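S.K.: Everything in the sequence shown is counted per the numbering used here, starting at 7 for the first residue and increasing by one.
It should be emphasised that the hints constitute simulated quantities derived from the structure, not laboratory data. Treat the hints loosely; a few may be bogus.
Lysine-lysine pairs mimicking DSSO-like chemistry, simulated, CA-CA at most 27 angstroms apart [said to hold, decoys possible]:
(1) K394 <-> K470
(2) K380 <-> K317
(3) K101 <-> K252
Label-pair restraints from in silico Cβ distances [stated by the list, open to error]:
(4) G466 <-> D283: 22 to 30 angstroms
(5) K290 <-> G138: 48 to 56 angstroms
(6) N377 <-> V213: 27 to 35 angstroms
As the structure is a prediction and not an experimental result, all values here were calculated from the model. Don't be surprised by glycine CBs; every beta carbon is placed ideally from N, CA and C.
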Amino acid sequence: MANITPKRLFYAAIVILWVATSALLLFRHNGLNQAAYYAVNKAIFPEELYKGQWMGLYYKGEKTGYSHRKVEKAGDGYKISEKMKMRLNVMNVQKDIETFTAAYLGSDMKLRSFEFMLNSDVTMNIKGRVEGRNLKVSMETAGAKSERVIVLKDEPSLNLSLIPNILMEGIKPDKKIRMAVIDPITMTQEHVLVEVGGKERIMSMNVMQEVFRLSGSFKGIEFSVWLTEKGEVLREESPLGFVSVKETEADAIQLGNPSVDIIAQVAVPVNLKLPFDTKYLRVKLSGINLKVLEIDGGRQNLKGDVLEIRKEDLKKVSEIQSIKVNEEYLKDTVFIQSKDPMIVSLAMEIVRHEKDALKKAMLIYEWVYRNIKKTPTVTIPMATEVLKSKRGDCNEHTMLYTALARAAGIPTRIALGLTYKDGYFYYHAWPEIFVTQWIAIDPTLGQFPADAAHIRITTGGIDKQMLILAVIGKIRIEGLEYR
7 MANITPKRLF YAAIVILWVA TSALLLFRHN GLNQAAYYAV NKAIFPEELY
57 KGQWMGLYYK GEKTGYSHRK VEKAGDGYKI SEKMKMRLNV MNVQKDIETF
107 TAAYLGSDMK LRSFEFMLNS DVTMNIKGRV EGRNLKVSME TAGAKSERVI
157 VLKDEPSLNL SLIPNILMEG IKPDKKIRMA VIDPITMTQE HVLVEVGGKE
207 RIMSMNVMQE VFRLSGSFKG IEFSVWLTEK GEVLREESPL GFVSVKETEA
257 DAIQLGNPSV DIIAQVAVPV NLKLPFDTKY LRVKLSGINL KVLEIDGGRQ
307 NLKGDVLEIR KEDLKKVSEI QSIKVNEEYL KDTVFIQSKD PMIVSLAMEI
357 VRHEKDALKK AMLIYEWVYR NIKKTPTVTI PMATEVLKSK RGDCNEHTML
407 YTALARAAGI PTRIALGLTY KDGYFYYHAW PEIFVTQWIA IDPTLGQFPA
457 DAAHIRITTG GIDKQMLILA VIGKIRIEGL EYR
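Using the sequences and the hints, build the whole thing.
M.R.: Quick look at the structure:
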């Protein structure tokens with residue numbers, strides 16, 4: 007294992023969020039698009055459609071992976087599937103990631119069930135079945151299992167069945183389509199907006215072809231697909247700057263050793279040299295819609311596009327009149343298992359007979375900082391999994407701390423944003439505890455409270471963390487003052 011420095015403990019879950027978005031929300035597929043289109047129109051499947059399509063995946067011009075997509079007959083319906091493999095440089099550590107996604111459709115092309123597998127540092131399996139207006143979802147990762155029922159407002163799709171629906175309605179320039187999709191990672195139903203642009207000519211496998219450019223948006227995350235009139239995808243551009251192009255199998259499966267560090271590439275430069283324990287920071291933000299994020303509030307004060315951040319003074323915490331906090335910050339969730347016996351037992355062991363909330367929070371902080379090995383880990387972790395492995399980056403530290411603090415009766419939430427290191431702001435996660443006021447702490451970097459060089463963008467679980475993809479590559483930070 008390479009030597010791990012603080013610079014290499016930032017938000018590696020960005021990679022998994024991108025993978026989840028690409029595997030579950032982007033719509034594509036060559037043969038399966040045409041297959042679905044012909045099937046609905048009661049045509050016969052051309053034999054070549056069963057062979058599927060190979061796509062090469064690239065990042066900053068380097069080959070990073072491939073995907074293989076195909077369609078199969080399954081009972082009276084169809085199975086549309088995709089396998090994807092990537093090799094990425096994450097904080098200068100090579101990480102291999104594999105996914106498998108399958109959607110099972112009825113003869114009417116409506117989604118019946120799905121399965122999703124993600125294998126990186128930890129294996130995650132998610133399965134779902136549509137029963138009327140309910141979607142029953144089960145998730146298993148590192149031996150931890152959870153189930154949930156989602157009430158569907160609209161007829162659901164997975165990414166794999168979006169283009170067939172578009173094809174059935176006909177591809178026409180300026181056409182706008184709004185479709186409901188299931189996101190198994192967040193276990194929610196969301197909507198994708200798609201707009202068909204005009205025709206373009208692009209080179210694909212040494213042949214110039216006429217295509218439609220489709221632009222899509224999901225929670226502010228933008229992506230593009232270049233699609234032929236028959237539904238064949240020739241090129242895709244997705245969040246974080248990844249590009250996939252149609253290739254032969256022989257070309258697609260060729261993998262190298264990528265040199266471009268994805269975490270460093272999405273870091274945001276700033277014109278300040280900040281100390282490790284910055285107490286006050288004033289910056290100007292641009293490039294993003296500040297109103298839809300959680301940038302203002304608590305220790306952060308936003309006026310127009312200028313943000314002031316003041317590190318909390320713990321000596322004054324007891325002097326502040328406490329406000330009522332929402333019970334959701336004590337809840338047990340799929341990823342934050344604050345009621346799990348292992349979590350509860352450890353929390354009680356750490357705090358023992360301590361009654362003071364701030365001191366309890368400090369004891370848990372010290373335990374997590376000292377006992378979790380600092381290493382980049384490409385997962386969306388569950389607290390129980392982190393407790394077993396005792397390793398990870400900021401996301402693992404934050405997830406475990408949040409579960410332990412909630413188990414000890416301390417309202418805690420997850421903050422996601424950026425923190426400073428050597429002239430750049432890196433994407434990062436940290437907990438915020440509520441002790442008469444919200445207090446940011448950082449059990450990954452060893453700060454209690456966290457210094458003012460932590461810029462909060464949003465708070466919440468994995469569903470809120472998906473919003474970070476809408477900010478990457480857009481936000482600009484101009485330093486104005488610090489002390």
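S.K.: Confirm or reject each hint.
M.R.: Hint-by-hint comparison with the structure:
1. With a CA separation close to 26 angstroms, the supplied pair K394 and K470 stays within the 27 angstroms bound.
2. At roughly 24 angstroms between alpha-carbon atoms, K380 and K317 fall within 27 angstroms of each other, so this suggested pair holds.
3. In summary, the hint linking K101 to K252 is supported, as the alpha carbons are separated by about 24 angstroms, within the 27 angstroms threshold.
4. Between G466 and D283 the C-beta distance comes to about 27 angstroms, which sits within the given range of 22 to 30 angstroms.
5. One distance hint, 48 to 56 angstroms for the beta-carbon pair K290 and G138, holds here, with the actual separation near 51 angstroms.
6. Distance hint check for N377 and V213: the Cβ-Cβ separation is about 57 angstroms, which falls outside the suggested range of 27 to 35 angstroms.
Checked against the numbered hints given earlier, the structure breaks only hint 6 and satisfies all the rest.
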